[in-house]
Structure formats: structure tokens, C-alpha cells
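*Asks:* Residue strings, one per chain:
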Amino acid sequence: MNLLLRYILFFTFFPAIAGTYHVGKKFGTQTIQQTINQASDGDTILVEPGIYHEKNLLVNKSIVLKGIDFPVLDGESKYEIISIKASYVTIDGFKVIHSGSGTLEDPAGIKIYDSHNVTIINNKLHDTFFGIYTQYGKNCIIKNNTLQSYAVAEQQIGNGIHCWKCDSMQIIGNTISGHRDGIYFEFVTNSVIWRNISTKNIRYGLHFMFSNDDAYITNVFKNNGAGVAVMFTHGVKMFNNLFEENWGDAAYGLLLKEISDSYIEGNRFIRNTSGIFMEGVNRVQMQNNLFKNNGWAMKVQASCMDITVIGNNFISNTFDVGTNGSLVLNTFNSNYWDKYEGYDLNKDKIGDIPFRPVSLFSMILEKMPPAMMLFRSFMVTILDKTEKIIPSITPENLKDDSPLMKALPL
Amino acid sequence: MKKIIKFVIIDILRNKIVLVYTLFLLITSLSVFNLEDNSAKGLLSLLNLILFIVPLVSIIFSTIYIYNSSEFIELLVSQPLQRKNIWLSLFFGLSGSMVMAFFIGAGIPILIYEPSPTGLMMLAIGCIITVIFVAIAFLTTVNTRDKAKGIGTAILLWLYFALLFDGLVLFILFQFSDYPLEKVVVIISALNPIDLGRILILLRLDVSALMGYTGAVFKDFFGTNMGLIVAFTTLLLWCVIPLGLSVIKFKKKDL
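Just so you know, the sequences run in chain order A and B.
Everything in the first sequence is counted per the numbering used here, starting at 1 for the first residue and increasing by one.
Everything in the second sequence is counted per the numbering used here, starting at 1001 for the first residue and increasing by one.
One thing to keep in mind: the hints can contain errors.
16 Å max Cα-Cα, derived EDC-like pairs, lysine to aspartate or glutamate [as the list claims (entries may be wrong)]:
| # | chain 1 | residue 1 | chain 2 | residue 2 |
| --- | --- | --- | --- | --- |
| 1 | A | Lys406 | B | Asp1037 |
| 2 | A | Lys399 | A | Glu258 |
| 3 | B | Lys1041 | A | Asp338 |
| 4 | A | Lys339 | B | Asp1178 |
| 5 | A | Lys367 | B | Asp1178 |
| 6 | A | Lys292 | B | Asp1178 |
| 7 | B | Lys1219 | A | Asp306 |
| 8 | A | Lys339 | B | Asp1037 |
Keep in mind that the hints were calculated from the coordinates and are not lab data.
Quantities reported herein were computed from a predicted structural model and do not represent experimental measurements.
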């Protein structure tokens, strides 16, 4: 208390210099909220270790709120734990547990309201409804946080990192699991999602809508209920991500719906039911991706146009490409297909006869899923071979004219 | 009964065809495992072999063998032996030596290269399919006296199970594609031991592709322990029913 008094005196005499406040047992019984109320813009509040029941902590000044050794903020399953309603706020090093729940107010562990330049860094969120929620945020950084929740049903849980109508966000190095969607973007522009790990969320690892000109780079999306969904967006850059083990009838490593002018490069799709599912996708470049051990590497619906698939590796997939119509307006070139059976007489490492990645059986399956019963039966193998020689049902134009003989080093 | 089984097995071994069959299986399965870079893929290639060659050899060889030993059977019948016992010992001798051939030819490479539950499943299914097709051969031979007709029927039956059935299923699926057939397909698959065997193995191998709705129905059914028991009981029924019918027929048959 003495120290605090000294601080207060200090600030009365030098109001222009930012001060530091301490909160904790040894500094008296003051709550974090009271300290914030006393502080002014630019101050730093250091919170000692301990458990704090602050109900709803309202941060309405531009301060740095820093936890020492992860002090616990307990929302007692009733309250939104931290509400940030000021710009230039930093929240660093807290353990935020047990937020309230409810679909009307969407309470979160940490929520940013209409603010810019907010930094949420090094926090641990545990059992929160929404994890870190941003609405109308700008230039905010959400970095190195760990979010863990225990979702049972989609309606009873919110998203891990949720951004709505934001701009220039940086979501970096977070680990998210057990939420509805790991990362949720709606109307978020010019933002970057980098080095996050999103696993075991019950719906999507990343859910992305109406969010133009964003990049997501080097993330891991693994074992999510339905994989990753990117919808109604243009100018998306997806580089070096890993999409792994997304199982289920409606699960896709990457679901693209109404996407245009985007780049998908250097990603790895491993052990998914469908690696990529595309619907209404226009002008997308796909390069240097690896598709391995998927049920379907790519499902390209006939509604897609001007997709360029160049220089990718297709290895050990049950089906390489599936489609639902005979119209093909996309380009497949210079990919490596492990199912390619052609030859290379002039030794230029490019196969001399084109490869048709769509098999008859995958077309039949698209129309009639129960035909799965005949999968790998001799009959189907014969039909497939005949179809490869004289295509009748499979789209004639869907072919790779220069298939590679050796896999690319990806 | 033991004596007859022993005699049949020795007779078959002297015949050398089964030895060639064993060798053929051994060479192909070893080369398949050595050629493919991962052994799961090898298992997949082997699957086609097992579901295609094994039924063919089992049914044709057994049919011809029984026709050729008709005089031996007549001799046995003249002895104070039960007809049922004669027929069953013939069956056990034949199916025993065929299973042995399969076990040495394909089983040992599987156990060496892929001793996983999937490999064991494949081994079990190969053995059961061998027995099933020997049983079907017994049913065909007991029904016709004419050797040419009998062998012809055996070949047709093999063709039906290995090829025609799948074509028919495809045709039916196309005709009734407006109806929800997912569950019906499970029942249809029980009507052909080859399909049933294939599905059981694929459920363990190609999980990713089988994850569609039909796959889910399959998995819900065959993937559980209960489903496995039902599937294997069905396969056993495929041995027992043709064999039982042939025993009944043989008992009353005028030799």
C-alpha cells in the first residue's frame, strides 16, 4: 500500500510519465478493476500470481496489463472475463479460465470492442465459451496464446479466435483446440494468420468468410471435425500449411466455396477424406502442393473455372481427382501422379502420353455412393482400364498433358 | 475318417499341382511385397490376387479331383463306412491341403512383411475363401455325374462370384439409384463371399475413401466387433451351407 501511495504521489507530481501499478496480495487487497480505474492512459499494471475473481474486467484505458507467472482470472462460468474497450491495450501473460456461456451475448475469454492496436500476447485460455473475440478491431495482434476448451456440441461452444469486421489483424503462433471453429474470420481484410496450430475443434480448424486479401501461412490444421472452410472470398493466399487427418463424409482438408483470384502453394494435404473440395472457384493457382494418402486428393466440381494445377505431387491417394460433370475449364499440367503408367521415350522426365486423373469409378461414386461396395473389385478395375483407353463418361479434357515421371522434391 | 483324410492329403501332395500352386503364391506374394515400396500397398495388390486366383484354383482343382477320385469313392462306399464320413473326410482332406497351400504360399510372406491386424485379417479371409470354394465345388460335383458339365458349372460359378455378381450389383444400383440403397448394399454384400471378404479388408486398408456415407454405414456395421462376428458367421455359413447340402445329396446319391 505504501508503495502504491508512493506511486500515486509520484504520478500526481509527474502526470506526463507513464507509471507502473502492482496488483497482488502483498500490495493490499485492491482488485485489478480498481487499479485500472485509478490508472491513466499509458500506464502499466503488473499482476502478481494468484486467483482473481474480477467478474467482468473492463479495460477502458490504453494500458499494459501484464501478468507475472500467469495469474488466474476466473470467470466463474458466469462472466465475460476481459472486455477491452480502448485502443493501444496490451494483455500479456494471464491464465483466463471458465468464462460464462450463452449464444445471445457471446461471452468470451478476452473480447475486443471497436478498438485498434490491441495486443493479446502469451495468454492461456482454458474452458472459455469464445476464446479471443474481436469485433471492429484494427491492427490488433493476437500472438502466442494457448486456447483450450472442451466442446461437446456445436451449439454449446464458441470459436477459439473469432474476428468479425476487422482489418489488418495478425494472428500468430496460437494453439487452439476443443472449440467450435479454431479460427473464425468474417469480414476481416488484409490480415495474416501465421504459424498457428488448430486441432480437434468440432467444426472447422479455420473458418473464413467474406474476408478478402488475407494470407494464411505455415499453419497446422489437424483432426478437426470438418477440416478448413474458406468461402466467398477473393485474394486469399494459402502457403505452406499442413492439412492433416480430417475425417468424415463432410470433412475436407480444405473446402473452397466461391473463391477467386487466390493462391494455394506449398501446402501439404495428408490423410484427409477429401484433400481439397472446390465449388464455384475461379482463377486459383495451385502449385507445389503435396497430396498424400487422401481418399480424394481433389474434388473439383464442374462449377470451377480457370484453376491452374501445376507442379503438385499426388501420392498414394485412393482417387486423385473427382468431378461431377463433363465440363472442364481448368488446367492440369506438369504434376506428378503416382498412378501414371505411361512411358518417357526421349528421357526428358516428362511422360509421353497424357494422364487422366479422373477414374470411371470415381465418377460412378459421385452419382451413386452405394457403389462403394464394389470398390477395388475386379469388375471395376476392368471398367477403369477400358475407360482410360477410350474415355466416354469421364471428362475428356481433364488430363495432364505433361505428367512428370518423378515426384517433385516437396 | 482320419485315415481317409491322411490318404487324400498324401494323394494330393503326390499330385504336385498343389505344390506348384503353393510355389506360385509364394513367388507372387514375395515379389509383390518386394516391388511395392510400402507394405500396405503390397497388401492391396495381394488382395486382388487372393480374391481372384484363390477361388479359381480352389473350385477348379477340387472339382476335378473329386471327379477323378470317383472310383476311389465307390470303393470306399462299398466298405462298412458311413457315407457322411467319407464325404466329410474327402472335404477336410481337400480343403485342408488347399488351406495349407495358401497358408504357406501367401500366409508366410504376409506374416513376414505385414504382421499387422490387417495382414492377419487377410490371412483369415484367404483361408475361409479357400474353404468356401472347396465347399461350392463339392456341391457342384455331387449334382452332376457328367465331368465336363460339372467342371463347366464350376468355372461358371467362379465367373459369377468373381465378376458377374459385381456387374449385376452395378446394374441394380443404377436401376434403383433413386432409392436409398446404403443399407441394402450391406445385405447384398453378404450374398457374395468374395465381396464380403474384400470389404472387410478394405475397411482396414482404405479407410479414407470408405468414409462416404456408404463407407460410414459399412464401418458402423462391419467395423464393430458385432459386425465382424456377423460377417465371419456369414462367411462360415458360406462354407457350411453348400457342404451340408452336398452331404445330404451324397447320402442319397446313386453312384
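*Asks:* Decide if the proposed pair is consistent with the structure: lysine 292 of chain A and aspartate 1178 of chain B, CA atoms, cutoff 16 Å inclusive.
*Replies:* Answer violated: lysine 292 of chain A to aspartate 1178 of chain B is near 34 Å, above 16 Å.
*Asks:* Lysine 399 of chain A and glutamate 258 of chain A: Cα distance at most 16 Å?
*Replies:* Violated, at roughly 24 Å.
*Asks:* Does aspartate 1178 of chain B lie within 16 Å of lysine 367 of chain A when you go C-alpha to C-alpha?
*Replies:* Distance ~10 Å between lysine 367 of chain A and aspartate 1178 of chain B Cα, so the pair holds.
*Asks:* Are the Cα atoms of lysine 1041 of chain B and aspartate 338 of chain A separated by 16 Å or less?
*Replies:* Since the Cα atoms of lysine 1041 of chain B and aspartate 338 of chain A sit roughly 12 Å apart, the hinted pair holds (cutoff 16 Å).
*Asks:* Holds or violated: are the alpha carbons of lysine 1219 of chain B and aspartate 306 of chain A at most 16 Å from each other?
*Replies:* Between lysine 1219 of chain B and aspartate 306 of chain A the Cα gap is close to 37 Å, so the pair fails against 16 Å, i.e. violated.
*Asks:* Given the hinted pair lysine 339 of chain A and aspartate 1178 of chain B, is their Cα-Cα distance within 16 Å?
*Replies:* violated (33 Å)
*Asks:* Lysine 406 of chain A and aspartate 1037 of chain B were given as a pair; does the straight-line alpha-carbon distance stay at or below 16 Å?
*Replies:* Holds, because 15 Å separates the two Cα atoms, which is no more than 16 Å.
*Asks:* If you draw a straight line from the CA of lysine 339 of chain A to the CA of aspartate 1037 of chain B, is it 16 Å or shorter?
*Replies:* Holds. Lysine 339 of chain A to aspartate 1037 of chain B sits at ~14 Å (cutoff 16 Å).
Of the numbered hints listed earlier, those contradicted by the structure are 2, 4, 6, 7.
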